[in-house]
Amino acid sequence: MKIFGIGLNRTGTTSLTEALEMLGYKAMHWNYTITTIDYVDGQLKIHYDKFEKDDAFVDTPVTRIYKELDQKYPGSKFILTVRDTESWLESCRRHFSPKKLKKQAPVSGMLHQEMYGTRVFDRQKFLRTRAHHMADVTAYFSGREEDLLTIDICGGDGWEKLCPFLGKSVPREKFPASNISRKSFLRKIYYKVKGYSYISR
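So that you can map any letter, position 67 of the sequence shown is 67 in my numbering, and since no number is skipped, the others follow by simple counting.
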């Protein structure tokens with residue numbers, strides 16, 4: 001069984017990845033999942049071999065290809081992280097700043113352009129993408145509610161939702177809080193992806 005986090009940027013994806021690690025899964029975040037796709041002549045290409053070794057994969061590239069992954073790995077679990085609209089928009093506004101975009105790998109820009117219709121923050125375009133993604137996921141998993149968990153980590157959801165969904169016991173440790181241990185977590189992810197030097201989050 002694979003686990004796929006299919007929430008948009010800035011919805012607690014880092015915390016979800018940490019939580020999955022704490023539950024014993026080999027979980028990969030952006031710095032790895034961005035290597036699972038490429039654009040060849042403007043067309044998206046998925047490197048399915050990148051999904052074979054580990055258990056869980058989270059963040060935007062996975063969000064974009066969740067239907068293909070569902071077909072490739074039947075019986076998988078999908079986790080949709082959500083967040084209060086205004087706090088999400090503000091977080092995106094800071095994250096998609098021109099200064100940060102200068103460090104963005106080309107594939108990242110192409111992915112964001114495809115998903116949001118822009119590479120820089122645009123309130124209306126981001127809102128449209130959010131509404132479309134929520135509706136799309138809900139429709140896709142209609143009748144398959146046991147395969148999808150919607151969780152608001154930024155709003156306080158934690159083990160009480162995640163553990164029953166995955167059939168796991170609740171750990172004694174607190175559920176990881178977004179960005180508190182961000183630097184140490186990213187360092188760990190970086191060393192997992194040997195030879196891949198681009199770090200954006």
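FYI, nobody ran anything at the bench for these hints, they're computed from the structure. Any given hint could turn out to be false.
To be verified - With a cut-off of at most 20 Å between alpha-carbon atoms, the simulated DMTMM-like pairs for lysine to aspartate or glutamate come out as follows: (1) Lys161 / Asp84; (2) Lys168 / Asp147; (3) Lys125 / Asp147; (4) Lys77 / Glu145; (5) Lys72 / Glu173; (6) Lys26 / Glu145; (7) Lys174 / Glu146; (8) Lys45 / Glu114.
Pair hint outcome, Lys174 versus Glu146 [Cα-Cα no greater than 20 Å]
Not satisfied, since the Cα-Cα distance of roughly 25 Å exceeds 20 Å.
So if I understand the rule, the pair passes when the alpha-carbon distance is 20 Å or less; does Lys26 with Glu145 pass?
Since the Cα atoms of Lys26 and Glu145 sit roughly 24 Å apart, the hinted pair is violated (cutoff 20 Å).
Can you confirm whether the C-alpha distance between Lys168 and Asp147 stays at or below 20 Å?
Between Lys168 and Asp147 the Cα gap is close to 15 Å, so the pair holds against 20 Å.
Verify the proposed pairing of Lys125 with Asp147, using a straight-line Cα cut of 20 Å.
Judged against 20 Å, a Cα distance of about 29 Å means the pair is violated.
Measure nothing beyond the straight line between the CA atoms of Lys72 and Glu173; if it is 20 Å or shorter, mark the hint as holding.
violated, 34 Å
Tell me if the straight-line CA distance from Lys45 to Glu114 falls inside 20 Å.
holds, 13 Å
Decide if the proposed pair is consistent with the structure: Lys161 and Asp84, CA atoms, cutoff 20 Å inclusive.
holds, 18 Å
Check the hint pairing Lys77 with Glu145 against an upper bound of 20 Å on the C-alpha distance.
holds, 10 Å
The structure shown violates the earlier hints numbered 3, 5, 6, 7.
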